[in-house]
Structure formats: structure tokens, C-alpha cells
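Enquirer: Numbering (our numbering), first residue to last: 7 to 280.
Simulated from the structure, these hints should not be mistaken for laboratory data.
Glycine included, C-beta positions come from ideal geometry on N, C-alpha and C.
Treat the hints with care, as some may be off.
In silico lysine-lysine, PhoX-like type, Cα no more than 25 Å apart, as pairs [claimed, not checked]: (1) K44 to K29; (2) K190 to K98; (3) K190 to K278; (4) K147 to K259; (5) K44 to K80; (6) K190 to K147; (7) K98 to K56; (8) K278 to K259; (9) K44 to K56; (10) K56 to K80; (11) K29 to K80; (12) K147 to K199; (13) K56 to K29; (14) K190 to K44; (15) K80 to K98.
Cβ-Cβ distance ranges computed for the label pairs, FRET-style [as the list claims (entries may be wrong)]: (16) S273 to G62: 49 to 55 Å; (17) Q258 to D27: 47 to 53 Å; (18) S233 to K278: 25 to 31 Å; (19) G62 to N110: 21 to 27 Å; (20) S186 to N254: 26 to 32 Å.
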Amino acid sequence: MRKTLALCALLSLPAVAMADDCKYSEPRELKLDLAGVKSVLFDVQQNDLKLSGASGGDSTLRGRACASDEDMLKELTLRQRHDGDTLVVTLKHEGKIHGISVGNRYAYLNVAGSIPANLPVQLQLGSGDAEISGVASLDAKIGSGDLHAQNIRGAVSATVGSGDIELRNVGSVALPTLGSGDVKADQVGGDVKVGTVGSGDLTVHGVRGSVQLDSVGSGDVQLRDVSGSVAVQTVGSGDLDVGNVGGNLSVQKVGSGDVTHRGVRGSVNLPKPR
């Protein structure tokens with residue numbers, strides 16, 4: 007998801023207009039210093055990252071800097087620093103834009119690489135895109151960007167603003183907050199715990215554990231093929247659709263939204279209709 011630089015801020019362009027824009031480019035490379043490191047934090051900002059966990063390799067990020075103006079390339083940097091036993095890797099635009107921009111201006115990094123598969127990953131993503139696979143665990147903070155993550159052996163935790171997340175084959179899922187973005191999760195080995203769902207949509211299929219959901223605002227939630235139980239505290243104006251649950255279904259409070267269910271093997275406890 008690209009961003010144009012205008013009026014001293016990063017304002018989004020339509021996706022079609024920005025797709026694969028790279029008028030000027032330079033290669034970028036950063037060999038990661040993993041000595042004594044127990045986790046890695048990637049601060050991706052408005053850039054793009056593709057990361058995989060591997061049993062070997064040189065743990066180097068490689069890619070390119072892209073910009074609409076050649077003089078902006080030097081402002082796109084890959085940097086790393088140690089913060090205790092955490093390696094912090096930053097994909098950054100160093101420059102500042104002053105005045106009014108004319109036309110479509112952009113500057114971003116697109117990099118890919120691998121780290122040892124036993125390392126946990128933290129991700130801070132603004133408006134960029136990230137693909138993460140094969141790492142030990144993932145803790146993500148998503149703004150308006152998109153995250154695709156798969157084959158994560160451990161836990162995946164994410165707070166989501168207006169961006170979208172797709173998860174597949176992960177150990178467990180924790181979503182403290184989901185704003186206006188959408189989250190889809192498929193094949194979860196453990197439990198799914200969700201705090202608040204705002205106006206976004208949540209779709210979860212294939213959970214070997216149980217699902218716990220605190221509150222649903224105006225968004226819609228679909229839960230399918232849950233081996234354990236489903237427990238929901240509050241449904242507001244959104245809809246809750248539950249199907250094929252091995253355990254129980256309980257909903258404590260429902261506003262103007264609808265709750266539908268089918269294939270619940272255990273008990274069903276819903277508020278009495280008003």
C-alpha cells in the first residue's frame with residue numbers, strides 16, 4: 007500500500023495508481039547482526055517487507071528503494087540497532103517534505119529476507135504491506151497496512167486499525183482491538199481471544215481450541231469449525247454467525263445485531279428476545 011507525499015504529509019493514492027510505481031530505484035542490503043539476539047522488531051512504516059523463518063542462511067535483507075524523484079532515494083534507509091536482546095530493524099524515509107507537492111510523489115522500500123525460524127518477531131506496520139511466514143511467533147501493530155502471515159508455530163497477537171490481516175496455520179490468535187479493518191484467520195492450532203471489534207469484520211475458520219470474544223460493535227463476526235466452545239460477552243449492532251462448534255455457545259448481551267448459529271454440539275445460551 008503506497009503513500010504519496012503532499013502538503014507536508016503522507017496521503018494515500020488509489021491502489022491502482024500506485025501499483026508497482028518505481029521510476030527511480032537503488033538496491034538496498036542489510037546483513038542482520040543477530041549475535042545474542044532473542045527477538046527481532048521490524049519497524050516497517052509505509053514500506054513493504056517479506057520475511058521468512060529459515061533453518062540456515064545469512065539473515066540478510068535485500069531489496070530496492072523506489073522513488074518518484076531521484077534525489078529522494080538517498081533518504082530511504084535500512085538501519086539496525088540493539089535494544090537489550092532485541093534487534094530493532096527500521097525501514098525508514100529520512101527526509102522531510104516542505105511546501106506543496108505537485109503531482110504524484112512517492113518513496114518506499116521493498117525488501118525481503120529471512121531470520122532463524124526460532125526467533126520471535128515483532129512488527130510495527132503503518133501503511134505498508136508485510137508477508138511473514140515460518141517464524142516462532144508474531145506480535146504486530148497494524149495501522150492502515152496489510153499483513154499476511156502463515157505457518158507461525160507459536161502465538162500471533164495483533165492490534166489492527168484500518169488495515170487488513172490474513173492468517174493461516176498459526177498456533178493461536180490474540181486480537182486485543184480490531185478497528186475498521188478486516189481480519190481473516192484460517193487453521194488456528196490453539197485458542198482465539200478477541201477484545202473489541204469495531205466496524206471491521208472478523209472471519210475465523212478452523213479453530214482447534216476455543217474462541218473468546220469480548221465485544222462486537224457494528225462489524226460482523228463469522229466463526230466456523232471451532233473444536234472448543236465459543237463465549238461472547240456483547241454484540242452491538244453487528245452480526246454474529248456461528249457454525250459447527252464442538253463445545254458450547256454463550257452470548258451474554260445482544261443489542262440490535264443478529265446472532266445466528268448452527269451445528270453447536272454443546273449447550274446454547276443466548277439472551278431472551280426483548
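Enquirer: For every hint, state whether the structure bears it out.
Expert: Comparing the hints with the structure gives:
{"no.": "1", "hint": "K44 to K29", "verdict": "violated, 38 Å"}
{"no.": "2", "hint": "K190 to K98", "verdict": "violated, 29 Å"}
{"no.": "3", "hint": "K190 to K278", "verdict": "violated, 30 Å"}
{"no.": "4", "hint": "K147 to K259", "verdict": "violated, 29 Å"}
{"no.": "5", "hint": "K44 to K80", "verdict": "violated, 31 Å"}
{"no.": "6", "hint": "K190 to K147", "verdict": "holds, 16 Å"}
{"no.": "7", "hint": "K98 to K56", "verdict": "holds, 16 Å"}
{"no.": "8", "hint": "K278 to K259", "verdict": "holds, 9 Å"}
{"no.": "9", "hint": "K44 to K56", "verdict": "holds, 20 Å"}
{"no.": "10", "hint": "K56 to K80", "verdict": "holds, 22 Å"}
{"no.": "11", "hint": "K29 to K80", "verdict": "holds, 14 Å"}
{"no.": "12", "hint": "K147 to K199", "verdict": "holds, 16 Å"}
{"no.": "13", "hint": "K56 to K29", "verdict": "holds, 21 Å"}
{"no.": "14", "hint": "K190 to K44", "verdict": "violated, 29 Å"}
{"no.": "15", "hint": "K80 to K98", "verdict": "holds, 11 Å"}
{"no.": "16", "hint": "S273 to G62: 49 to 55 Å", "verdict": "holds, 50 Å"}
{"no.": "17", "hint": "Q258 to D27: 47 to 53 Å", "verdict": "holds, 49 Å"}
{"no.": "18", "hint": "S233 to K278: 25 to 31 Å", "verdict": "holds, 28 Å"}
{"no.": "19", "hint": "G62 to N110: 21 to 27 Å", "verdict": "violated, 42 Å"}
{"no.": "20", "hint": "S186 to N254: 26 to 32 Å", "verdict": "holds, 31 Å"}
Violated hints for the displayed structure, listed by number in ascending order: 1, 2, 3, 4, 5, 14, 19.
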